[in-house]
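Using the UniProt record's numbering, the letters of the sequence shown map in sequence onto residues 1 to 139.
Worth flagging that the hints you see were computed from the coordinates, not collected in a lab. Values in this document were obtained by computation on a predicted structure and should not be read as measured data. Please note that the accuracy of each hint is not assured.
As the list claims (entries may be wrong) - If you anchor each label on the Cβ, the simulated ranges turn out as follows:
1) Ala82 x Gly17: 40 to 46 Å
2) Asp87 x Asn30: 43 to 49 Å
3) Asp87 x Arg59: 38 to 44 Å
4) Asp63 x Leu3: 17 to 23 Å
5) Leu43 x Ala82: 41 to 47 Å
6) Ala82 x Leu55: 39 to 45 Å
7) Ala82 x Leu3: 17 to 23 Å
C-beta atoms are modelled at their ideal positions from N, C-alpha and C, and glycine is treated no differently.
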Amino acid sequence: DILVLAQAAARAAWSLGLQPTPGLLRHVVNLHHTLSSRAGVALIGPAASGKTTTLLVLRAAMDELTASRRQQAEQYQLATTAARQKDAEAGLDAQADRPGSMDSEAGDEAGQGGPAATAAAQAAAQAVAAAAAAAAAEP
1 DILVLAQAAA RAAWSLGLQP TPGLLRHVVN LHHTLSSRAG VALIGPAASG KTTTLLVLRA
61 AMDELTASRR QQAEQYQLAT TAARQKDAEA GLDAQADRPG SMDSEAGDEA GQGGPAATAA
121 AQAAAQAVAA AAAAAAAEP
């Protein structure tokens with residue numbers, strides 16, 4: 001976890017036009033650890049010692065890591081939604097052949113759906129799958 005943070009801090013430093021020195025990375029990691037374990041932190045030190053730079057690099061690194069984790073969570077959500085959708089479609093197809101299912105005439109008489117309801121459900125499922133595929137294709 002510290003290595004991931006240090007790598008993100010190095011990339012953040014470069015993106016801010018700074019050279020990621022070992023001292024800067026050490027300060028960034030220490031500040032992150034302190035902020036995660038304490039309610040309040042005061043950055044003190046002489047002028048031009050890197051207090052603001054350390055904070056800016058940490059903020060940029062955390063923004064990068066948060067965006068990366070958010071993207072991973074969205075990809076996971078899309079994958080699980082697609083898998084659930086596939087299971088639901090398979091379940092609808094399997095039920096259509098059983099007596100008393102939504103496609104059966106008995107279901108129509110009982111007001112429980114029928115072919116129109118099944119077609120609407122399948123169309124909705126296809127729309128959700130298409131939306132998920134379109135979202136996954138976006139950069």
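Results for each hint:
no.: 1; hint: Ala82 x Gly17: 40 to 46 Å; in the structure: holds (41 Å)
no.: 2; hint: Asp87 x Asn30: 43 to 49 Å; in the structure: holds (48 Å)
no.: 3; hint: Asp87 x Arg59: 38 to 44 Å; in the structure: holds (42 Å)
no.: 4; hint: Asp63 x Leu3: 17 to 23 Å; in the structure: holds (18 Å)
no.: 5; hint: Leu43 x Ala82: 41 to 47 Å; in the structure: holds (46 Å)
no.: 6; hint: Ala82 x Leu55: 39 to 45 Å; in the structure: holds (41 Å)
no.: 7; hint: Ala82 x Leu3: 17 to 23 Å; in the structure: violated (32 Å)
This entry does not satisfy hint 7, going by the numbered hints stated previously; all others are met.
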